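Heads up: the sequence lines are chains A and B, in that order. Numbering-wise, the first sequence is residues 1 to 666 according to the working numbering. Numbering-wise, the second sequence is residues 1001 to 1250 according to the working numbering.
There's no promise every hint is true.
[Said to hold, decoys possible] Here are some chain A residues the structure puts well away from chain B; computed CB gaps all over 10 Å:
1) Ala129
2) Asp198
3) Ala307
4) Arg326
5) Val379
6) Glu563
[What the hints assert, rightly or not] Derived EDC-like pairs: lysine to aspartate or glutamate, alpha-carbon spacing no greater than 16 Å straight-line:
7) A:Lys666 / A:Glu621
8) A:Lys298 / A:Glu346
9) A:Lys525 / B:Glu1050
10) A:Lys356 / B:Asp1030
11) A:Lys200 / A:Glu410
12) B:Lys1148 / A:Glu621
13) A:Lys525 / B:Asp1030
14) B:Lys1080 / A:Glu410
15) A:Lys411 / B:Glu1029
16) A:Lys411 / B:Asp1030
17) B:Lys1006 / B:Asp1116
18) A:Lys525 / B:Asp1046
19) A:Lys411 / B:Glu1090
20) A:Lys532 / B:Glu1042
Just so you know, these hints were derived from the structure itself, not from any lab. Treat the numbers as computed from the prediction; the structure is a model and nothing was measured. All residues carry an ideal CB built from backbone N, CA and C; glycine is no exception.
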Amino acid sequence: MALDSKIPAGPLGEKWTKHKGEIPLVSPANKRLIDVIVVGTGLAGSSAAASLAEMGYNVKAFCFQDSPRRAHSIAAQGGINAAKNYQNDGDSVYRLFYDTIKGGDYRSREANVHRLAEVSRNIIDQCVAQGVPFARDYGGLLDNRSFGGVQVSRTFYAKGQTGQQLLLGAYSALNRQIAKGRVKMYARHEMQELVVVDGKARGIIAKNLVTGEFERHSAHAVLLCTGGYGNVFFLSTNAMGSNVTAAWKAHRKGAYFANPCFTQIHPTCIPVSGENQSKLTLMSESLRNDGRIWVPAKKEDAEAIRAGKLHPNDIAEENRDYYLERRYPAFGNLVPRDVASRAAKERCDAGYGVNKTGEAVYLDFAAAIMRYGAEEAHVKGVKNASDADIKALGEQVVEAKYGNLFQMYEKITASNPYKEPMMIYPAVHYTMGGLWVDYNLMTTVPGCFALGEANFSDHGANRLGASALMQGLADGYFVAPYTVGEFLSKDIRTGKISTDSPEFEEAEKAVRERTEKFINNNGTKSVDHFHKRLGKIMWNEVGMARNEKGLKQAIADIQALREEFYANVRVLGSANGMNPELDKAGRVADLIELGELMAKDALERKESCGGHFREEYQSEEGEALRDDENFTFVSAWEFTGVPAEAKLHKEDLVFENVELKTRSYK
Amino acid sequence: MDLTLKIWRQASPEAKGEMKTYPISGVEEDMSFLEMLDYLNEQLIDQGIEPVVFDHDCREGICGMCSLFINGQAHGPGRKITTCQLHMREFKSGDTIYIEPFRAKAFPIIKDLMVDRSAFDRIQRAGGFISVNTSGNTIDANAIPVPKESADKAFDAATCIGCGACVATCKNSSAMLFASAKISQFSLLPQGQPEAKERVLNMVHQMDLEGFGNCTNTGACEVECPKGISLENIARMNRDYLFASLSSNK
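Isolated chain B, as found in the complex (with noise of 0.2 Å):
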């Protein structure tokens, strides 16, 4: 298929970036977005043009590092993927495709496509753990039996992979569904109760020093998530919040 790329190119955090546009034929249905962009990017190599810059690792959808707006939507069209898993099959001949950086005030933009997403890491260090030390020496894994609802909510909450669409997609670029599902994650199960008020408190204090913007249960978020997790880890991680607000010893 033969397509119009617009596609946001940026030299470095300080350069002024701007909308270039590059016609790309040859398109297969089979191939995913991201090897879309290795295509044209071998085209623009043997042209004398710099390849467009944008993160990606795995490509089967589970790293959190693949981005890109794109046609104003945070991993394109299609649900509960990421770009790397959407392919070409979604577009059709004579397309034109928007692609732009994930934007954020707490994302800044490296080069091109690529933002510096380190937010996330800093408030995952902000409490995202359980304060225990890696002896092996801990109880049996069986000693205390998990309810499997409760198991089930950790492990959904805790499949977050840290991609930044939350943030990108909502108006206000807030990180609380982020960090709602970590908080939440640990919330549900009982090795995360005795951290419980100090983690929820931390973590959103971090959020709040990063820049990211509140949440207006707007639910753009949970839309867009590559991974279905639910606004009730936000519900969720405000009860814990004001719990914990009227109720910390500090």
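Only chain A is shown next, with the shape it has when bound in the complex (with noise of 0.2 Å):
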């Protein structure tokens, strides 16, 4: 099949306008004769049912979790970008749209960007306007800040709960809708597989968790709204229960995966302490406004720390090494994300890292504290304060700004960010590549869209901060509520969709087979076990470098892993009734199969560019080397049977607005 964006004609800024004028409406009267689907409650989720059922469908919502405000956007901390140019900084719609193609590293679509970029604005004014309460100045006007890979203040932020505000935001929208009747709410069900009928995305299979029941769901549309699959490398700062299923289950029926080994690796996180962790925390990216990042210029000095003689306090101005600010003067400690964590990577590979382990780099504050505690001092009139005086004063800004991730960062190290430095790793965080998407976010199975982070569309090779939670409620508010006008319109004389099908008879009994597999498999060894040494072989191979003997590599682990996996995995009790063991093994085989899937990718694409690093292909001074002429596509996966005989569709990017550069932030 070949791959149609459906990008529509005409001038950047014209596209979506026009687009949306275009699209064929469906009257109020015909709304309610179809029903939609929403798996997942995040931003996109959330935020799509709700703005379904308040235009006239009738919607059932699906999450996993007790309760669709848990889903894991709540936990995003820094912030929501939108070009409003309330700083008079010179932002504008096109800045933004820019600034995301760049950081992307130009492997984003044109037309998809630009309409992020329009709709930005609006999800300020719609999140005000339904009482999320984000950080305002003593004008009671909306604050802002900065994120890396740009030079404007556009981030707006809720202290550092920023997708917790948003998401309750969505969630009171949504819980409007079910109070009126118009979402059926589905809490603690898990989508087991996508139903096809004609070739058309016609309902799922979900499972009851608190029961074991399998449910046939039937409608005109279903909208995968289901996050990214950051878990697959086991430890990263996704939620536990995160997973790549619902996305997965929809490749294994015709949906292709677009550009799985696009993953973010984020700088700033708390470094691993021990074999029993289980998962690793983020540090927000807007604490590198303030905190500068360093690793001792003296290899000796940084086995002295490793050794526990040496406190980084005792490490003179003059012997550190503030690599982001001596390799990207521009830029600074406000690189981008993959810069960034490339570079603690070097560092700390050169024997530079701090921490026991080794892989741990600082970011310091007190810069920061001083300067703000002499502002301070400054506005209170305090004549001749003291050092100390006024690094009480600039403790107290540092904490108003970043309290609550001091206060989390000492919670799980138990170690004092005011008196010393923090010490950073980069870990997995998000997922750029997902489910191949056209410009109405549908995937390549008709009827069936992908939203938020499940879809590859907005960020190319490398997501901007900050941009994540603009994009889920672009994409849930104000997008897709009007681009399935245009699959649904076909649909108003199709009537109730039957769950009495062989389509669903045979979905049905596809997933009854594996859970008894599971359960009938008398194994020796954990879910949890395969899952961890998934992790381990994709943070080596397929994690921040790869080269093409390792990548070759973990195709193979990961292959004899599978087979172990069905062999001798082990899940205790009955298919009857609440069983967490038996709905993580069937998550976890799903992952197995796509860290194959990645490596694949990873392998095909013999260039360097944004989150995804081939050691084979980088500049003398260790950066990124693209190859435009090569591989200016995205790449879509077409399932045919295993990941290892996946077929590569190219769906290739055209750049018609911005002259494709080498990325630089020096």
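Dock chain to chain to rebuild the complex, using the hints, since each chain is given by itself in its own frame.
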């Protein structure tokens, strides 16, 4: 099947307005006859379900958590971008568009990204109208801050809990529709299979996680808002339950999977502490506004720190290497995530890492505390303030800005970041890849849509900070509710979709068989045992730096792991009733298959771009070397039976408005 | 470190539950409490014993999914943390730790340590929203300035994660802190005013329907709240409720 991205004709700035105006409308009377399933209730899912219900469709929404409010969007800390230019620093829709294209290393679609930048402004208006308590200045107006990869302040925030506040806003909109009976909410339900009838997505098989029962749900369209697949690495900043199952089942039923190897490794996470660690915790990128990143300039100092013989506060200024400021003077500590992560790895691999593992760098607030303290002393008219006074004043300012993040850090590490520098290291955070979608956010299975992190469309090879929240809400509030019209307008005469068809029958049978296989397997190793091993393979060979030999090895190792998993996994308990181990087994089975496809995609992409760094393709200074001539395309993989034989389809990326340049933050 | 765990096991909502004893060794200080339970579960699986079921997801203190009554305290020892943020360095080798589910009439047990908190969702549905359509065609976000103090207070109230520690801790199993947090958030913002009266009446009504108890101003909820939601919110809700009851057109 040839890929048709359905990008509307016309000038970039007019495409969306024109397209939106031309999408066929479904009359209110007919909307009542149309059912839509929304899987996942994060920013994309909650906002889409609420908006579609508001428009008049019958919506069924599903989440595996006990409440839609718990989806992992809630954990996003730093903020949400919008081209409001409230700070009067020269921001505009075009700049947000340009920064996103450049930040994505020229591997995203111009038209989608421009649309995202356009609707970004509506998001802030909408959220404020919903009562989202964004940070404000003393004049009562909205406050902004800066994020990596940009030179303006366009990030709106609610302390370090922006994702929580935005999700609760979308959850409240969803609740309003649930209360009206327009959305039927299925919490503690997980999608197990996509049902395709006559080539169209017409429903899902869902599992009631409390009773263990399988349920058939039909609809005229299915929206997958199921997030990313970072948990393929086992250790990531994702929630424990985040998984790829819904997207992967759609992939197996014909939805192409795009750019699976584009993974974001976030530079500022709390380093790994031990073998029994279950997840990693992010420290918001907003900290890089004020924190300076460094390692000792002398190897012997780094060694002394690792051995516990030297304290970072005792290293003199001239013996510190602020390597981001040194290598990238124009952007300094605010380079994009992929650049910052690789630079940290480079220093640690070279032997300058701190922490007992040698895999950590410092994020230091001492300078910011003194700077803010001096400012406060001046504002308060404190004359001849001592260093200690200034420090105390500065600590108050830093606490107001980042208090909850500092507290979170201290809880986990038992170290006080006001007194000594934080230790951080990159960790898997976000996946730019996802289900391939056209401009209408429809996958290659007609009627099956993918929104938010679950699709691939807007961030190219690297996402900029504070853009995930923007995309989730843009897709859910302002894009999908309109673009589904093109598909659904043809369904006004279809009538209710029956769940008694052979397609539903077969889909349910397949799910039952998979489940019984796990329960009756009588293996010897737990699900987590296999998940951890998968994670190690992925982190070592398909992580921050990749090469041909390692990727080939990873593919072989994952294939072997898959066989062993099916032969030897042990799931206790029964299929009737609550059984989290059984649910986990199904998720890990899909992650193993996805892992192999990621390695294959990384192997085929013989260039370095954004989060995908192939060691064979780098400049003399160690920067990523893109190959625009041969790789300016989206890799969309078609499932043909096993990941090893997935078929590659290419969507050529055409840049009509932006000139492809070497991405430089120097 | 070596510990003795006493854990509530209950096969289903109808089944009779009991405390079971599990000795565990090799627990590390850096483990979070939930990682300690993961570690226990791995050992149980090896022994052919069904692992302990407990709710959890984000493991960074924000989703509100984890719960647990640990040694008689919601989210265990320590202030302003959830169970997933509790680390084993708070315990010492030789300790016996009692682990129970959040108990309240309105939170029926599903299995082991997992409870059903959907009553919270129903309270939110009764009015925890501002009735604005999601068209994006609202007024500009900066059109209505909100005094920083109100905005900050609204934010503080809005940080409630809906975990239910307040209910589990309260001797009356009252959900006043939870309900008042959402009511306060909107009560403090200009956007929340048009529906303020209906909101407080409807949410309080739903809270009563769900079987939560009344507030007797003990203040235990505030102490155990992982987000430090203030009792001030309950006072505000009571004031709003009184005002709405006396002046509502309904």
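Status of the hints after comparison with the structure:
At the 10 Å boundary, the C-beta of alanine 129 of chain A falls inside the reach of chain B, the nearest C-beta of that chain being 4 Å off. Non-interface status of aspartate 198 of chain A relative to chain B is upheld: no Cβ of that chain comes within 10 Å, the nearest being about 32 Å off. Interface exclusion of alanine 307 of chain A from chain B stands, the closest Cβ pair being 19 Å apart, more than 10 Å. Every CB of chain B is more than 10 Å from the CB of arginine 326 of chain A (nearest about 32 Å), matching its label as outside the interface.
Distance check for valine 379 of chain A against chain B: the nearest CB is about 16 Å away, which clears 10 Å, and the non-interface claim stands. At the 10 Å boundary, the C-beta of glutamate 563 of chain A stays outside the reach of chain B, the nearest C-beta of that chain being 21 Å off. Between lysine 666 of chain A and glutamate 621 of chain A, the direct Cα distance comes to roughly 12 Å. Compliance with the 16 Å bound is thereby established for this hinted pair. Straight-line distance between C-alpha atoms of lysine 298 of chain A and glutamate 346 of chain A comes to about 15 Å, which keeps the hinted pair within the 16 Å bound.
Restraint check for lysine 525 of chain A and glutamate 1050 of chain B: the C-alpha separation of about 14 Å stays at or below 16 Å, so the hint holds. Taken as a hint, the lysine 356 of chain A and aspartate 1030 of chain B pair is honoured in the structure, with Cα atoms around 14 Å apart against an allowance of 16 Å. The suggested pairing of lysine 200 of chain A with glutamate 410 of chain A is violated, with an alpha-carbon distance near 51 Å, which exceeds 16 Å. Our distance criterion of 16 Å between C-alpha atoms is broken by lysine 1148 of chain B and glutamate 621 of chain A, whose separation comes to about 47 Å.
Between the alpha carbons of lysine 525 of chain A and aspartate 1030 of chain B the distance comes to roughly 25 Å, so the proposed pair goes past 16 Å and is violated. A C-alpha spacing of about 12 Å is found between lysine 1080 of chain B and glutamate 410 of chain A, which places the hinted pair at or below 16 Å, so the restraint holds. Taken as a hint, the lysine 411 of chain A and glutamate 1029 of chain B pair is honoured in the structure, with Cα atoms around 13 Å apart against an allowance of 16 Å. Of the pairs offered as hints, the one joining lysine 411 of chain A and aspartate 1030 of chain B holds, with about 11 Å between alpha carbons and a cut-off of 16 Å not exceeded.
This hinted pair does not check out: lysine 1006 of chain B and aspartate 1116 of chain B have alpha carbons roughly 22 Å apart, beyond 16 Å. In summary, the hint linking lysine 525 of chain A to aspartate 1046 of chain B is supported, as the alpha carbons are separated by about 8 Å, within the 16 Å threshold. A threshold of 16 Å between alpha carbons decides the hint, and for lysine 411 of chain A with glutamate 1090 of chain B the separation of about 11 Å falls inside it, so the pair holds. Of the supplied pair hints, the one linking lysine 532 of chain A and glutamate 1042 of chain B holds, its CA atoms being roughly 12 Å apart against a limit of 16 Å.
Violated hints for the displayed structure, listed by number in ascending order: 1, 11, 12, 13 and 17.
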